[in-house]
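With the hints in hand, could you dock these two chains into one complex?
Quick note, the sequences are listed as chains Y and Z, same order. First residue of the first sequence: 1, per our numbering; consecutive thereafter. First residue of the second sequence: 1001, per our numbering; consecutive thereafter.
It should be emphasised that the hints constitute simulated quantities derived from the structure, not laboratory data. Worth double-checking, as some hints may not be accurate.
Stated by the list, open to error - Derived pair list, reagent style SDA-like, types lysine to any residue, alpha-carbon separation capped at 20 angstroms:
| # | chain 1 | residue 1 | chain 2 | residue 2 |
| --- | --- | --- | --- | --- |
| 1 | Y | K214 | Z | E1274 |
| 2 | Z | K1253 | Z | E1274 |
| 3 | Z | K1358 | Y | Q302 |
| 4 | Y | K214 | Z | E1037 |
| 5 | Y | K214 | Z | I1020 |
| 6 | Z | K1040 | Z | V1209 |
| 7 | Y | K214 | Z | G1290 |
| 8 | Y | K214 | Z | P1019 |
| 9 | Y | K214 | Z | E1098 |
| 10 | Y | K174 | Y | A160 |
| 11 | Z | K1282 | Z | E1098 |
| 12 | Y | K32 | Z | Y1134 |
| 13 | Z | K1298 | Z | M1180 |
| 14 | Y | K214 | Z | F1031 |
| 15 | Z | K1166 | Z | G1290 |
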Amino acid sequence: MNVAEAIIGLFVFPGFLFLFIFGLLFQGINRKLIARLQGRYGPPVIQPFYDFLKLLGKENIVPRNANSFWFNLAPIIAVASVVTLMLYIPVGYVGPLSPVLSSGFGDLIVILYLFALPAIALIIGASASGSPYAAIGAQRELSMLISYEFPLAIAIFALAWRAGTFDIAEIFMKQPWTLGGPLNALGFLLIFLTALSVIPGKVGVGAFDIPEAKEELAGGPLVEYSGRNLALFELAHYMKMFVASAFVVALFLGAPLSPLLGLSGASAIFVDVLWFLFKVFIVIFFTVTLVAAVTARLKITQAVTFYWFVVDALAIVGLILIAVDHFFLSGVV
Amino acid sequence: MSEVIKKGYSEFVRIPIGPIHPALHEPYYFFFELDGEEIKNVWMQSGGVHRGMEALALNRNYLQIIPIAERICGICSNSHPLAYTMAVEDAAGIEVPERAQYIRVIAQELERIHSHILWAGLGGHAIGLDTAFYYLWRLREDVLDIWELLFGGRVTHAVNWIGGTKKDIKEEDIPKVLRMLKNLRKALPEVVDAFLHDPTIVRRLRAGVLTRRDALRLSAVGPTARGSGVKKDARWGYGALAYGNLRDDYGYKPIIHHDGDVYAKTYVRLMEVEQSIDIIEKALDDMPSGPYRAIEGKAPKVIATLKKVSGAEGIGRHEAPRGEVIHYVRMEGGEGPYRWRPRAPSLNNNFTLPVMLKGCQVADIPIVVASIDPCFSCTDRMTFIDENHRKFVLSYEQLVQISREATWRDA
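In isolation and in its complexed conformation, chain Z is listed as follows (with noise of 0.2 angstroms):
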């Protein structure tokens, strides 16, 4: 990319776009070739906002790694503790109750809720209607009332904690909780009216097409996925947690679109809302009594079940609102993973950003920008920096050349 903006004349327009931009939320850099409005070429580049997450958490214990989990990114931050939890107990073979898998259906759904209303605001500050923005944010203000109120955090909540929830959801709540969902539910086909039908609207989302062919081959997830026409959703493929009872109780299935377009990633993200309000009044329903934790005890009474377990890996998969959140643990005795490792969705929808843009007016950028939903501080894991404190950029085959480097085992 550095070549590609020292070369000296071009036929077209040439832009940067970022680290800091209006268009952009988060630190990333575009590079355009115009004609005209039109985008011929563009050029993406990463890196301005790596945190060292993994390494922190490498000197933390098991429980000490929820927060920083959570903390990945601002937006998803239950998806991210709750891959991590799945992940631990997946490979020290916990068993979560089914009173707690019901609470963590209830929370991440809040969070799905309160993510989809967000981005659509910002989808509508990104077409220039700043009066969505406003309203859809007063709207997300009650979910976050209720995350305070059943969990006591309206940003990061710390519902998970291994092997169960931290906190149990008390019967005095429930009412609270099913009025703001009704009231949401009186609020929103009026949203659903102004970004499906408005005239102006959908004139803008009508844009940064991406076929379905193209969505498999760059393996995307998430609503991008669904936009496209790709049936994808942990949630019902998977069937984790309370996901498979519900699934297999009401029949939920992936909400899909088959245009491809920001109106067809907005469309998927409405009904998802939708849907999700449904499902957490059939959880709230459905959910049984019993204990919500699998580990009797303290914090250091789930240390010391964990610290056994050795010679351990596993995968904690689970659909944010963004897409599918992956979560690696190696167990290898200790009071913390030997290894953790969490893939961001944003990791494999900002490869479709390219596809998207290239053809679309400068207009576009930002509401195509906009639909993938990026959190691009959650993608940002690593950083090459050689001895003169010079950053670079590792090719395909190197980086090919140093994990066999690293993984290679003599037989």
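In isolation and in its complexed conformation, chain Y is listed as follows (with noise of 0.2 angstroms):
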């Protein structure tokens, strides 16, 4: 791995800078589409941004029954969690700039912990604060955390047994669904709906605002965070929005636009770049937007048992359809 390649990786595309604007733009898209959809005008499309600068001038308060160390840790890991996500993650293409991918290490393991890091992350700062609005809401989110993994690494092992490998780059160039019979595109189909449905449990909006809650725990988590600390949990949450969707995108809708276009070159990777990020926006407008938009806030309980019941059966039945298609209908094992 070029270190040169490495640090403009993680620093500008596809890490950070790509993340920020990205992230922070999809954030100000969604808000605009939730006000339309609601019957107002809504903010510009840049107040994120707006909002971001605004919260790092702002003080920031450590209360004084809280960890300070782990209180101020807590938004760093979360933002540098995400950002390393994103390494991981094939923007459209595997090739120059994506230096852990093309290297070959992009392992969906890593990613699936990764992925539990900011809620983790969360969970530190909240415990660290010493609110019992906080504390309430760090046991909410740990719940959530339980409910939504299990479906999730169910998805991705299935994925991955199908594919034959935990390598995302290689999963991203076979398009596993490709692979088998009608069955087997059925059960992908199952398991990207099961994938699409821990989307809003993972941002938490709509039925799954449930940590934060604004109207029963004032925040939950971040009811003690201001300043510079607020500002970074609010990226995280911003960038994790477009991650998770990106993860998506990358394991199912991975198809590039090139190919078709009879394309080569740094031109072929910004029409796939494009075009991934179309598809990026399609999935966040499908389960940020319009779950925000159109459902009511469940109780913790409901939620859990929507996951574990509900997109569980949705996601083992996806599996067994792909081993049913692998084992007796393929013929190749």
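What follows is the structure, encoded as structure tokens:
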């Protein structure tokens, strides 16, 4: 791995700067669309940038009975883990400027663990803040983590097993849903739906805005955060929305556009990245914007029941269909 | 309650909600003991917004109290002055002309529509569905415009006048009102369908059960009681104003639901919006022509008439959107009342909250508190402060003792 390439990858593309711009931009579009769905005008699209800058300039208060070390460290862990995560995701192509992927380190199990980190950081920060509201919020965040990680893990393992590899770059190239017959495609549709229904839980919107629940817990884990720390948590949150959608797109909707157009070189990469962003936007629209606009917040018990019984059933049926197709219909082992 | 808070150790997590909290729109203080998400114990305390309304009124004359009564509650801004004028009319024996009775009914039912729609929006907000909030408050805006058209005020309407109403409804305004009602009727089924059938909303509304027994024991009023299957509606039971005629002619009945949870209260409110639309249409149709004030002439004339009344007591009972409002007025001559005592419906309903909240989850707090449509500011009537400017709370026995001393008469 080339050091210069790694640094550019981490800080510019597809790392921090890229994620910063598109995470906040997509959040701005998301807010605008929610507003339009609710029959109001909504803030300007670049409002999240203003909000971020404003929060950076605000006073950073650490509560008296907080553990200041963990309280201040948690937002940094959150942002760092999301940015690291982005390095593992093929942004429409695998090649130059994707150092981790092109050297074959894009391991799905690492990604699964990295995905849990922002939530863990939030729980650490909330527990360190010494507020009863934050404690309840942390408790809820943990319950959510337990509930949505299992279906996501089933979906990812089904995918990896069918593709025969844990390397995300290889899965991205292979498009495993094309590997078998119609039953295989149907199974992949089901685990695709599983992955989609995990996104609102991970991002925490609409029915699954349970840990933060501003009407109940006044912001839950974030209730004591302000200034720079809050800005970082918000940033991590928006980046997480982008990355979670990008992850699902890379796994299930990865097909690049450039071979169809017959492009190659830099222009192919450019077109593929745009195509990828478009797909991410579509996924965000259906899993974040619409869910936020049309659902009421569930209780934590109802959300856990939903993930453990409905979404898990979906994932397991998908897995069985893929297995049936693989062992009995395709005849290839 | 303060002893409870001071007690150090508890096996449960303890959280305060209020006086300032996103779940509450007015200052009120709740203190919860939680086992995980489940609520084990609840304490509550009022006293955050004592405004001295009654004392303020004692320096005013009969007509100047009407604007004060309008400001007891920003949403029941027609019910309180209406109950007050009814109390004064009861005491002074003034007969209200029939046209004024119909105008009052129309004003009151417009208020019920706007209040229930506003409530449904806030209910949606409490369960995290802001779309319902924005959509419903947009609908409510049309009702406010009609208020402005008919009576001149959007929030405080200034409809009532002792012995009638302040303004008459003009013939040319009636088509506009009917058009608004028609639009509302068209938009309403969608809202009713969402609140009563949408899976995520219904799941959230199934919380905070108030049994019929508890509703009767705590003398809950309004939709809170009707949602528990208590047939209690001052409009149809008492039949004051034109409500008696409308009930006899069209057979209106209190709308009740037997489940007792938030869903039942939502059902009652949404159905009442439909009923109110119907009532306004019927009332506009039936409204007779004639005078709209019992006492001809301007304010001095009214005051002069009321000044002659002495040693009379009057009660004004009226069904506000939140429940029954009762105003008591005692007249002892003079330009203003000797005593004016309003009782807001939230005073009854607030005490159903601990019963409903016990056993709920933390997530249910906003919607269960919102389910009684609380108006905490309306209920604060007294505050006791000792010579060191410390607030204190009177026990039941002390309160009874003080009232006995105050009202004791030697035979």
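Would the pair K1358(Z) and Q302(Y) pass a check requiring their Cα atoms to be no farther apart than 20 angstroms?
-> holds, 19 angstroms
With a cut-off of 20 angstroms on the C-alpha distance, tell me whether K1282(Z) and E1098(Z) pass.
-> holds, 15 angstroms
20 angstroms Cα cutoff - pair K1040(Z), V1209(Z) = holds, 15 angstroms
Compare the distance between the alpha carbons of K214(Y) and E1274(Z) with 20 angstroms, and conclude whether the hinted pair is satisfied.
-> violated, 32 angstroms
Keeping to a limit of 20 angstroms between CA atoms, is the pair of K174(Y) and A160(Y) held or broken?
-> holds, 11 angstroms
K214(Y) and G1290(Z): Cα distance at most 20 angstroms?
-> violated, 54 angstroms
Agreement of K32(Y) and Y1134(Z) with the hint, judged by alpha carbon distance not exceeding 20 angstroms = holds, 14 angstroms
For the pair supplied as a hint, K1253(Z) and E1274(Z), confirm whether the alpha-carbon distance does not exceed 20 angstroms.
-> holds, 13 angstroms
Pair hint outcome, K214(Y) versus P1019(Z) [Cα-Cα no greater than 20 angstroms] | Holds - the C-alpha atoms of P1019(Z) and K214(Y) are around 16 angstroms apart, at most 20 angstroms.
For the pair supplied as a hint, K214(Y) and I1020(Z), confirm whether the alpha-carbon distance does not exceed 20 angstroms.
-> holds, 13 angstroms
Take a quick look at whether K214(Y) and E1037(Z) sit within 20 angstroms of each other, Cα to Cα.
-> Holds, at about 16 angstroms.
Compare the distance between the alpha carbons of K214(Y) and F1031(Z) with 20 angstroms, and conclude whether the hinted pair is satisfied.
-> holds, 18 angstroms
Violation of the numbered hints given earlier is confined to hints 1, 7, 9 and 13; the remaining hints are satisfied by the structure.
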